[in-house]
Amino acid sequence: MSGLLSAQSVTKKFAGITALDSVSLDVGDGEVVGLIGPNGAGKTTFFNCLLGLLKLDGGSVTFDGRDLAGVPTHKRARLGIGRTFQRIELFSGMSPRDHFLVAERVRNGRGALWKDLLFLGRPSSDENARADAMLELLGLQPAADRPIESLSLGVGRLVEIGRALMTEPKLVLLDEPSSGLDRHETEVLTEQLRTVQRERGFAVLLVEHDVEFVRSLVERVFVLDFGTLIASGTTAEVFADSAVRKAYLGDMV
Amino acid sequence: MEELISRIVVGMSYGSVYALLAVGLVLTYKTSGVFNLAYGAQAFVSGAIYYDLRVRHDLPIPVALLVAVFIVAPLLGLVLDRGLFRYLRNATAIAKLVTSLALLVAIPQILKLWFGQNPAAGTQGIVPRGDTSYNPFGDVFVSRNDLATILVTLLVVIALTVLFRYSALGLQMRAVVESARLTELAGINADRVSTASWVLCSFLAGLAGVLLAPLFAAVSDLNYTTLVVVAISAAAVASLSSIPIALAGGLGLGVLQQILDRYLPTGSVLASNIRPALPFIALFLVLIFSPALRGRRELADPLAGVDPPPPALASTVRSAALTNATRIFGVVVGLLAAYYIFFHASGQWLDIAIRATILSVIFLSITVITGMAGQISLCQATFAGIGGCATAQLATRFGMSVLVAMLIAAALSALIGALLAVPALRLGGIFLSLATFAFALFFDNVMARFDWVGGGVVPEDAPRPTIGFINFDQSDKAFLVLCLLILLVVAVLVLAVRSGTTGRYLDALRGSETAAASIGINAARARITSFALAAAIAGVGGAMLTIYERAANYDPNFVYFQGLIWVVLVVSLGSRSVEGAIQAAAGLFVFQAVILNQVVPWLADHVQPWYHMGQPPQTLAIILLSLGAFTYAKHPEGILEFNKRKSLEAIQRLIDRRSSKGGATSAGGGTLDGSETVGLPAAAGGPAS
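Order-wise, the sequence lines are chains Y and H.
According to the working numbering, the first sequence is numbered sequentially starting from 1.
According to the working numbering, the second sequence is numbered sequentially starting from 1.
So here's chain Y without its partners, still in its complex pose:
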C-alpha cells in the first residue's frame, strides 16, 4: 500500500476516558476512504488528532512519508491536508470568490507585508483566473460575489470544499458533509464531489453518518465504535459484517 496517510495505533484519553484506543488507519494516493461509527465513537476526535488540534497520547501519524508529531495545524494544511467542517466554518463577510482568493494566496505563498505596503497585495490576474476556474468547477458562479451569510448551507459546504481544494491538497478530510442537508441537496453534493474528485484525483477521508452517501462514494470503509476499530475493508465487505450492522446500522440495511 502506497500509504499517503498512515495512522499507527493512535490513542487519545480525556481524563480517564479512552476516546481512541490504538486506532490504525491508512489512506492511499487518490483513494476515497470512509470512516463511520455511531455518535460518540471518536470520529471527530480522530479527525482532530490527524489535524494536530489535539495531542496524541500514543501512536503516530505519518503523511506523505513524514511524521506529523509536533507539526502545527496550519503547517499540516500546507503539507497537503485540506478539510471541511461538520458545522460549517466560513469567513463571515467574505464572498465565495474571496474565500478562494485567500486560499490561493496561502498556496502560492506570495503574500508579504512589504508587498502590501507597495500596493502589490491585490489579487493578480493569474489568481483571479484560478478562483474563477474553481467557481466554475463547483457551479458557484451565480453566488460568486455575494456575502457568505446570504447563501444556503448547501452552497456553504461547496464553498468549504472549494476553499480546501484551492490549496491543492493531496488529501481532503470531509467531516460529515451531508449533515443538515436534505435528500436533494445531498444528492447534488455527492454528484459534485464525485466529479471534482475524478478530475483532480485527490484522496478523501470521509466521516459520515449517511450510509447511502458513504456507499455511493467510497471504496474502503473503517468502522469505529467506542474508540476502537471494529471493522475495515471494502465497502461491500464491511456493510455485510454482522458486528457493524449491530453497532451502527441496526436493522436498517
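It is worth saying that the hints were derived from the structure and are not from the lab.
Keep in mind that the hints are not guaranteed to be accurate.
Claimed, not checked - The following residues of chain Y were derived to be distant from chain H, with all beta-carbon distances above 10 Å: (1) Thr-73; (2) Thr-167; (3) Leu-217.
Said to hold, decoys possible - Now the stretches of chain H that chain Y is said to cover, found in silico as 3 or more residues with beta-carbon under 8 Å: (4) 490-502; (5) 506-515; (6) 519-533.
Heads up, the beta-carbon is just placed ideally off N, CA and C, and yes, glycines get one too.
Position chain H relative to chain Y; hints supplied.
Positioned in the frame of chain Y, the structure of chain H alone reads:
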C-alpha cells in the same frame, strides 16, 4: 521573624480585599459574561461616598456604611444591569469589554464632578478606632482595621459558598452565563437572574471599596484602578472561573506584595521603580505563564447561530456613482475646512487642526489592531509614547534630524510591539486586552521614569525640523501641512495593507480562526504583523505629537488612561474604516473646543455652585464620549459607520426610485437586493466566466 509575620498579617488584610474584588470579578464574569474592568470604579464610588459621609459630614459608622455599601452599591449594580448590560447579554465578549471600559473611564469622572478632582486624605475604616493595634504574639502588630477586613471577607466567602452550592438562584446564575437564551427556553427569567447577580457583585465591589479605604492614605480613583489590577491577576490565576482559587490567589498576592516590598533592595533605581509596579508585573506574568489561560477562547453561546450576521460596511452598499459623489463631498468639505483654518481661523483652531491630524495617525493604529485584526489593545498610547520618547532621545543625544529619528522610533515601536505580541497572542480575546493593559501600566510606572526613556523629571526636547527653506519651527501652518502629508501617507498605507494579503488573512481569521488554520494561515504570524504595524503607526503619531510640542511629554500625552479613552472613542465611532479614525480624532477636538468655548461659560454662570470644577472641558468631553461607547454592542461597526450606511441606503433608494420612474434601467447595481436568487447551483452550466 516577627517582622516577617507581621508583614504576612498585613498582607493578609490587603489580600482579603484583593480576594473580595477577585471573587466579585469572577462572579460577574460567571454570571453575566462581562469582564468588568470598571469594577474598581464601582469600588471607588462606595469608597468615596463612605468617605464623604463619614469624614466630611461626620456621620456615625453604621449610617455611612448603610448608605455607601447597602444602598448605593446595589443600586449602582441595578442601574448598570437594567440600563446597560441587560441589552448586552447576547453581545460578543469584545462588546462587553468595550462597554465596561467606557464605564471605567466615565464613572470616576462623573463622581469627581461631585466629589472634587483631587484625592481626599484622612480615610477611616469600618470599625471605631481602626488604627488601634493589638500585639498578642510579641512584636507582631495587628490593627483593628486589618482584623475587620479579614473577618468580613471570611463571612462573605461562607455566604457565597452557601448561595452557589445550595440555592436555586446560584444554580440559575451559573446557567445564565452558559447561555441566557437556553436558560430562558428552560423557563427561567434570565433578566431577573442577571439583575440579582449584578446587584450582588456591585455590593461586593462596594464592600471592598470601603474596606480598602483605610489601606490608602487618600481616596482617589487611581488607587482603586491600580489595586483592582491585583484583583484582576488573582481572577486570572483562577482562569475567571474558580471562586476558591480566586480567593487563594488574592490572599497570596497580597502577602507576596508585602514580602517583596520589605525584602527588595532599596538602593537601585530599578527596584524603586518596580516597587509600585508590582501589581502590573504580577498581572502580566500571570497572564503570560498561566497554563490554564493559554490558547483559551471565550465561551461560545450555543445559540449564537440565531444572531444576524455583522452589518456590511457603508462602502459595500453604494453604487459607483454614489461612491464618487461621497468622495467629492468629502474632498469639498476637507478643502473648505483647510481654507478656513489656513486663512481665517485663530491660533486655537490651528492648534486643534494639528492635534486632530496627529491623533488621526495614532487612531489609525487602532483601525489596524481592532478594525482589521479584531483585537482590543489597551496599550496603543504606550506605543505612541515609545515613539515620542525615542524621537526626543535620538534628537537630543545624537543630534539626529527629528524626521529620521521618527522613522527609527517607529521601527523601535514595531519591534517592541512584535516582542509583546509573541507571548500575548497565545491568549484569547479579553486576556490579550488585559495583557496589553498590564503592559501599559508597567511602562507608565517603571520604564517611562528612566532618564533614557521619559527623560526623568524634565522631558527630553525634540526640535521641529527644517526641510530645505521651510522652517517648521517658525510656522505652525507649515507644520500642519507636514502633518497632513504624513497622515495621507499612513492612511494610504493602511488602505494598501487592508486590501492586500495581510488584510485578507486578518479578515479570514476574524471570520473563523479554525477555518483559517485549515487552509494554512499562520494566525500568530498574521497577528504579530498587525501588532507590529499598529505599534509603528502609533509610534509615528507619538513622534509627531512630541515634535509639535517640542518635547516628549509622556505624562499626560501617553499615559494608559489616554489609551483607554482613545480605544473607546475609535471603537464606538467606527474602527473598521480609515475615515472612522479621522472623524473620531477631529470629533474629539472639535467637541472639546465647543465645550470649552460655549458650554463651560454657561455652566460657570448657571450650575457652578453645585459642583467642583477642576478641569471641566476634558472631564465633560470624556464622560459624554465614553458614554457613546454604549452604542457599540448594537453597532459594532461604529455609530458613524452605521449612520453613513443608513443615509447612503436612503439616498440609493431615492436614486433607484427616480431612475425606475424615468423608465431607465435600474442604476442600483450591487445593492442589497440583488435580483438573482441563489440556492444550490443545480444547473452547473451558468454563465461561463
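Here is how each hint holds up against the structure:
no.: 1; hint: Thr-73; verdict: 5 Å, violated
no.: 2; hint: Thr-167; verdict: 5 Å, violated
no.: 3; hint: Leu-217; verdict: 18 Å, holds
no.: 4; hint: 490-502; verdict: holds (count 7)
no.: 5; hint: 506-515; verdict: holds (count 7)
no.: 6; hint: 519-533; verdict: holds (count 7)
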